[in-house]
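Construct all of the structure, not just a fragment, from the sequences and the given hints.
At position 205 of the first sequence the residue is numbered 205 (our numbering), and the sequence of numbers has no breaks.
No wet-lab data here; the hints were simulated from the structure.
Keep in mind it's a predicted model, so treat the numbers as computed, not measured.
Just so you know, even glycine gets a beta-carbon here, dropped at the ideal spot from N, CA and C.
Worth double-checking, as some hints may not be accurate.
[Stated by the list, open to error] In silico lysine-lysine, DSSO-like type, Cα no more than 30 angstroms apart, as pairs:
(1) Lys5 <-> Lys69
(2) Lys166 <-> Lys152
(3) Lys293 <-> Lys5
(4) Lys166 <-> Lys156
(5) Lys85 <-> Lys70
(6) Lys19 <-> Lys212
(7) Lys19 <-> Lys293
(8) Lys168 <-> Lys20
(9) Lys83 <-> Lys62
(10) Lys66 <-> Lys50
(11) Lys83 <-> Lys152
(12) Lys166 <-> Lys5
(13) Lys48 <-> Lys69
(14) Lys168 <-> Lys344
(15) Lys293 <-> Lys187
(16) Lys83 <-> Lys66
(17) Lys300 <-> Lys13
(18) Lys310 <-> Lys300
(19) Lys401 <-> Lys310
(20) Lys48 <-> Lys66
(21) Lys422 <-> Lys168
(22) Lys156 <-> Lys422
(23) Lys344 <-> Lys152
(24) Lys344 <-> Lys422
(25) Lys121 <-> Lys48
(26) Lys121 <-> Lys401
(27) Lys187 <-> Lys168
(28) Lys247 <-> Lys5
(29) Lys70 <-> Lys48
(30) Lys20 <-> Lys212
(31) Lys310 <-> Lys20
(32) Lys168 <-> Lys156
(33) Lys83 <-> Lys69
[Unchecked claim] Restraint-style ranges between C-beta atoms, simulated for each label pair:
(34) Glu292 <-> Cys220: 38 to 46 angstroms
(35) Glu28 <-> Glu263: 28 to 36 angstroms
(36) Arg368 <-> Glu409: 40 to 48 angstroms
(37) Thr42 <-> Gly159: 24 to 32 angstroms
(38) Thr16 <-> Pro291: 17 to 25 angstroms
(39) Ser160 <-> Cys220: 20 to 28 angstroms
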Amino acid sequence: MIDIKLLRDDPQKIRTALKKRNLDIDLESIIELDTRRRASITEIQELKSKRNALSEEIGRLKQQGKEPKKLMEQARSLAEQIKLKEDEGREIDVAFGDAVQWLPNIPHESVPVGTGVESNKFIRGLTHAPEPDFEVLPHWDICEALDILDLKRAPKISGSRFILYKGKGALLERALINFFLDLHTTKNGYTEIFPPVLNPTECLYGTGQLPKLESDMYRCRDDALYLTPTAEVPLTNIHRDEVLLEKQLPINYVAYTPCFRREAGSYGKEVRGITRVHQFNKVELVKYTTPEKGYAEFEKMLADAEATVKALQLPYRVMLLSTGDLTFASAITYDIEVYAPGMKEWLEVSSISCYEQYQARRANIRYRRPTGGVDFVYTMNGSGLATPRTFIAIVENYQTKDGRIAIPEVLREYMHADSIDK
RNA sequence: GGAGAGGUGGCCGAGUGGUCGAAGGCACCCGCUUGCUAAGCGGUUUCUCGUCGAAAGACGGGACGGGAGUUCGAAUCUCCCCCUCUCCGCCA
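Below, the structure written as structure tokens:
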């Protein structure tokens, strides 16, 4: 949630942000609602103040054994007025609350302004796609040939766009998850969490998936629970409604979870293979920091995510997303993309986003400053990494001319082998 | 799923209709004291919203798991929901 004080103090800042994001939201009517909301609050407060004074007087008189009928009558009529005004106020409140939930975060000043991926900015890494000296098979062909993915039978179990790993494929998937977790816990200073993946509505509002992405999530029929779309949701909600101590910060969490996405409306593109699926595995990083240290920690997180592709020796580049590609709740996002020479495409394997205080306001995550006072923390998260596309990148980049897949050095201890072959 | 007990401030914990925002303790911060560590003494410190203010702040509303209700007045009474603990049932 944005800071609603901005609505009164600096609405231009919000207008600019909305424009940068190419969004057409009627801000004036939200400001109008806020004005009405505050007027209603003031009115109710004055009535209550009067009633409280009367009640106190009544209490005093009663203790003296008197029965102040007239005062009680007055108080009763005040109470009735209050009830009416409160009902009115509640309606305004709900309308305002709903509207404000749809205001996205304000992009960081360094974020390039644009309408989509074409405006994303190259930060570092490879400027050109590497060209192998032989014809690399796309992952769906090589994996079928080596019998490590069963793309034909997966739909039988769950439907299209689900992955069935098999044999060395399943092992490779598990190896990736273990490698990422080990790297982040032993070298990068994250605490491992293994959270539940069914999350209630409040959690999804807290991190900002709701209300916007309602149709993109799987929901349980009989309970108000959603299958988590990313471990960001459980990890960021661990400290929902808490006041942390400054000395506890930064908090660094890493978790492996499966992630579930309906991907509604995304059909028609990228249909082959396993680049876009309904269930995938991901190791996710989440940090809570003070505002002061937020961006330093954010850069560290980017480096932590980048360390994975470096260790796997995959061709990659880091992109800074433009306002047209930036998600709703994020102030700034870097993507790490790896190149898949079989598909001849750059694939996003990690998204590293800083939310500043946006999620903390929604989820009410604060910390106590040693000098006194409380403030909202900064939250941020990044994939480290999502496996299916990393899997693709390995299978395609480590393919050999004779149709085997070599194993990246750092994964050999997990795979107990140097290559996957028939 | 059934029965019982309970959910109070950053934490622990008293409080069953009216000066209770809430005793006491811990923690924190400030000062003093004791030649270190530890401790002792005194004092301070809830959060949130609205109005006014450049600010410091002032005034007022609200908050005792969440929501609705009874009442002039609710931490305290009633109802619904959530969570925790104990017992029973079921079960990977």
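Evaluated hints:
With a C-alpha separation of about 44 angstroms, the suggested pairing of Lys5 with Lys69 is violated against the 30 angstroms cut-off. The hinted pair formed by Lys166 and Lys152 meets the criterion: a straight-line CA distance of about 12 angstroms does not exceed 30 angstroms. Taken as a hint, the Lys293 and Lys5 pair is honoured in the structure, with Cα atoms around 23 angstroms apart against an allowance of 30 angstroms. Distance restraint check for Lys166 and Lys156: the Cα-Cα separation of roughly 15 angstroms lies within the 30 angstroms cut-off, and the hinted pair is therefore satisfied.
Proposed proximity of Lys85 and Lys70 is supported: the alpha carbons are some 23 angstroms apart, at most 30 angstroms. A hinted pair counts as satisfied when its Cα atoms are at most 30 angstroms apart, and Lys19 with Lys212 qualifies at roughly 18 angstroms. Between Lys19 and Lys293 the CA atoms are separated by roughly 29 angstroms; this keeps the pair inside 30 angstroms, and the hint holds. About 46 angstroms separates the Cα atoms of Lys168 and Lys20, which puts this hinted pair outside 30 angstroms; it is violated.
Restraint check for Lys83 and Lys62: satisfied, since their Cα atoms lie roughly 25 angstroms apart, inside the 30 angstroms limit. Straight-line distance between C-alpha atoms of Lys66 and Lys50 comes to about 21 angstroms, which keeps the hinted pair within the 30 angstroms bound. Restraint check for Lys83 and Lys152: the C-alpha separation of about 63 angstroms exceeds 30 angstroms, so the hint is violated. A hinted pair counts as satisfied when its Cα atoms are at most 30 angstroms apart, and Lys166 with Lys5 does not qualify at roughly 54 angstroms.
With a CA separation close to 19 angstroms, the supplied pair Lys48 and Lys69 stays within the 30 angstroms bound. At most 30 angstroms may separate the alpha-carbon atoms for a hinted pair to count; Lys168 and Lys344 meet this at roughly 24 angstroms. A distance of roughly 20 angstroms separates the Cα atoms of Lys293 and Lys187; the hinted pair therefore holds under the 30 angstroms criterion. For the given pair, Lys83 sits about 28 angstroms from Lys66 by alpha-carbon distance, which is consistent with the 30 angstroms threshold.
With a CA separation close to 28 angstroms, the supplied pair Lys300 and Lys13 stays within the 30 angstroms bound. Distance restraint check for Lys310 and Lys300: the Cα-Cα separation of roughly 15 angstroms lies within the 30 angstroms cut-off, and the hinted pair is therefore satisfied. With a CA separation close to 23 angstroms, the supplied pair Lys401 and Lys310 stays within the 30 angstroms bound. Simply put, Lys48 and Lys66 have alpha-carbon atoms about 24 angstroms apart, close enough for the 30 angstroms limit, and the pair holds.
About 10 angstroms separates the Cα atoms of Lys422 and Lys168, which keeps this hinted pair within 30 angstroms; it holds. Under the criterion of a C-alpha separation no larger than 30 angstroms, the hint pairing Lys156 with Lys422 is consistent with the structure, at around 25 angstroms. For the hint linking Lys344 to Lys152, the alpha-carbon distance of about 23 angstroms falls within 30 angstroms, and the restraint holds. Simply put, Lys344 and Lys422 have alpha-carbon atoms about 25 angstroms apart, close enough for the 30 angstroms limit, and the pair holds.
For the hint linking Lys121 to Lys48, the alpha-carbon distance of about 55 angstroms lies beyond 30 angstroms, and the restraint is violated. Straight-line distance between C-alpha atoms of Lys121 and Lys401 comes to about 35 angstroms, which puts the hinted pair past the 30 angstroms bound. Distance check on the hinted pair: Lys187 and Lys168 sit about 27 angstroms apart at the alpha-carbon level, within 30 angstroms; holds. With a CA separation close to 28 angstroms, the supplied pair Lys247 and Lys5 stays within the 30 angstroms bound.
With a C-alpha separation of about 18 angstroms, the suggested pairing of Lys70 with Lys48 holds against the 30 angstroms cut-off. At roughly 19 angstroms between alpha-carbon atoms, Lys20 and Lys212 fall within 30 angstroms of each other, so this suggested pair holds. For the suggested pair Lys310 and Lys20, the alpha carbons sit about 33 angstroms apart, so the restraint of at most 30 angstroms is broken. Taking the CA atoms of Lys168 and Lys156, the gap is about 21 angstroms. The hint holds against a cut of 30 angstroms.
For the suggested pair Lys83 and Lys69, the alpha carbons sit about 21 angstroms apart, so the restraint of at most 30 angstroms is met. Between Glu292 and Cys220 the CB atoms are about 40 angstroms apart, so this pair conforms to the stated range of 38 to 46 angstroms. In this structure the hint that Glu28 and Glu263 lie 28 to 36 angstroms apart at CB holds, the actual value being about 35 angstroms. The supplied range of 40 to 48 angstroms is met by Arg368 and Glu409, whose beta-carbon atoms lie about 46 angstroms from each other.
Distance hint for Thr42 and Gly159: a CB-CB separation of about 55 angstroms, inconsistent with the stated range 24 to 32 angstroms. Separation of Thr16 from Pro291 is about 21 angstroms and conforms to the stated range, judged on CB atoms against 17 to 25 angstroms. Taking the beta carbon of each, Ser160 and Cys220 are about 22 angstroms apart, inside 20 to 28 angstroms as hinted.
The structure fails to meet hints 1, 8, 11, 12, 25, 26, 31 and 37 from the earlier list, while all remaining hints are met.
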